[in-house]
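Based on the sequences and whatever the hints tell you, model everything.
Here's the letter readout for the chains.
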Amino acid sequence: MDRNQLAKWFQAPTKMAHKYSLHAVYFCTGCGIIEVPPVITARWDAERFGVIPTATPRHANLFLITGYVSVKTLRAIIRTYEQMPEPKFTVGFGSCPINGGMYWDSYNTIKHLDRYIPVDGWIAGCMPRPEAIFVAVTHLWTLIDKDMADGYKRYRTNYAAYRANQERALGELEWPPLFPMERGR
Amino acid sequence: MNGPLRTKLDSIFRDVETELADDDRLTVCVPKDSVVPVLSFLRGEGCDYLQLVSCVDWTERGELELVYVLSSYTGEANPPGAARANVLVKTGLPRTHPSLPTSIGVFPSAEPYERELHELFGVRFEGHPRLTPLFLEREYEVPPFRKDFDTRQYVEDHFGSIPPVEEGS
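Protein chains in written order, with numbering that gives the first Met the number 0: chain L, 0 to 184; chain A, 0 to 168.
A few of these clues could be false.
As the list claims (entries may be wrong) - Derived CB-CB ranges, DEER-like:
no.: 1; chain 1: L; residue 1: Thr13; chain 2: A; residue 2: Pro163; range: 25 to 35 Å
no.: 2; chain 1: A; residue 1: Pro163; chain 2: L; residue 2: Arg47; range: 27 to 37 Å
no.: 3; chain 1: L; residue 1: Pro84; chain 2: A; residue 2: Arg145; range: 23 to 33 Å
no.: 4; chain 1: A; residue 1: Tyr72; chain 2: L; residue 2: Thr141; range: 50 to 60 Å
no.: 5; chain 1: A; residue 1: Arg13; chain 2: L; residue 2: Arg78; range: 22 to 32 Å
no.: 6; chain 1: A; residue 1: Arg13; chain 2: L; residue 2: Glu171; range: 45 to 55 Å
no.: 7; chain 1: L; residue 1: Arg78; chain 2: A; residue 2: Asp14; range: 49 to 59 Å
no.: 8; chain 1: L; residue 1: Arg167; chain 2: A; residue 2: Ile11; range: 47 to 57 Å
no.: 9; chain 1: A; residue 1: Arg145; chain 2: L; residue 2: Gln4; range: 52 to 62 Å
no.: 10; chain 1: L; residue 1: Pro84; chain 2: A; residue 2: Arg24; range: 49 to 59 Å
no.: 11; chain 1: L; residue 1: Arg128; chain 2: A; residue 2: Pro30; range: 34 to 44 Å
no.: 12; chain 1: L; residue 1: Arg78; chain 2: A; residue 2: Thr95; range: 18 to 28 Å
no.: 13; chain 1: A; residue 1: Lys146; chain 2: L; residue 2: Asp144; range: 47 to 57 Å
Stated by the list, open to error - Here are a few chain A residues that face chain L, going by a calculated C-beta distance under 10 Å:
no.: 14; residue: Gly43
no.: 15; residue: Gly61
no.: 16; residue: Leu135
no.: 17; residue: Tyr139
no.: 18; residue: Tyr153
no.: 19; residue: Val154
no.: 20; residue: Pro162
no.: 21; residue: Glu165
It is worth saying that the hints were derived from the structure and are not from the lab.
All values derive from a computational prediction rather than experimental measurement.
We put the beta carbon where it would ideally sit given N, CA and C, even for glycine.
Written out as structure tokens, the structure is:
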């Protein structure tokens, strides 16, 4: 452990614990997932940064959206995101979740991921290198330190608006609202 | 080689047009009601593998063209040493309410392809057991793989109209 950070550990132990145990849900969308196996295995070894893939969203707190999101995948993404326990952090990976990327005029790909679920940070590029994931993770540490990675709180406060957008994209959702709908209107 | 196969096809089926390319690729153009008999015949002749069913939208001709790509696993259609040639079966359909009998009875592997074409091109396959959506989540007025589907307009109408939730997003 870095001795310089001892003060931080005593001041905000939960925050530090969240920072260094980012369990990423192993959810593959689009082509970006091809960068993730080298990141989590021996070559780049994300465990140095405390990032470990997890099989189930119930044990995860980091959600990497790796690549374009089709309308059908959006449904799975929302369900996965809502299952994750708080605090949870979302990172859009690659240019497609940001604004559609090369699928900007596709009939079946959603363009702006942050209109459907809250996103804490973006990694630009097509594809981003594995190093970019680590840059993003260190940025995420800074955001967690400063309480700026608050996507899950924004999801609570703006849930009605998010849910409305989700329903506009997907039609009638078959699961009940996660939070009371009257908040945030 | 596909030369003898071509001769046989020409002698058995009256309404087919065959064409043999230089690389031994046999193209068979059939009317839509003869698709299943021709496929069945070709399967009997050793073309036992349906590679894919595809569709081409010819707007200027005003028709959809279905393409069945057949080849051989066992090699009965092609003697040893010959190139493994493909047989293409093509049929034209009108662009409004296109429909033709399903070929699942001959090639069971046609099932997902026919579902896909039904969804993306709006081709109706009579006798298909489940023409349910395969990839898409929603209904499209024009099937999205047709040439007259305006993707940009569609994106503007459906995705561009969804407002940002928060400031700056």
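A quick look at each hint next to the structure:
no.	hint	in the structure
1	L/Thr13 with A/Pro163: 25 to 35 Å	31 Å, holds
2	A/Pro163 with L/Arg47: 27 to 37 Å	36 Å, holds
3	L/Pro84 with A/Arg145: 23 to 33 Å	45 Å, violated
4	A/Tyr72 with L/Thr141: 50 to 60 Å	58 Å, holds
5	A/Arg13 with L/Arg78: 22 to 32 Å	56 Å, violated
6	A/Arg13 with L/Glu171: 45 to 55 Å	52 Å, holds
7	L/Arg78 with A/Asp14: 49 to 59 Å	52 Å, holds
8	L/Arg167 with A/Ile11: 47 to 57 Å	56 Å, holds
9	A/Arg145 with L/Gln4: 52 to 62 Å	60 Å, holds
10	L/Pro84 with A/Arg24: 49 to 59 Å	58 Å, holds
11	L/Arg128 with A/Pro30: 34 to 44 Å	55 Å, violated
12	L/Arg78 with A/Thr95: 18 to 28 Å	39 Å, violated
13	A/Lys146 with L/Asp144: 47 to 57 Å	53 Å, holds
14	Gly43	39 Å, violated
15	Gly61	23 Å, violated
16	Leu135	6 Å, holds
17	Tyr139	7 Å, holds
18	Tyr153	5 Å, holds
19	Val154	5 Å, holds
20	Pro162	7 Å, holds
21	Glu165	6 Å, holds
Checked against the numbered hints above, the structure violates hints 3, 5, 11, 12, 14 and 15; every other hint is satisfied.
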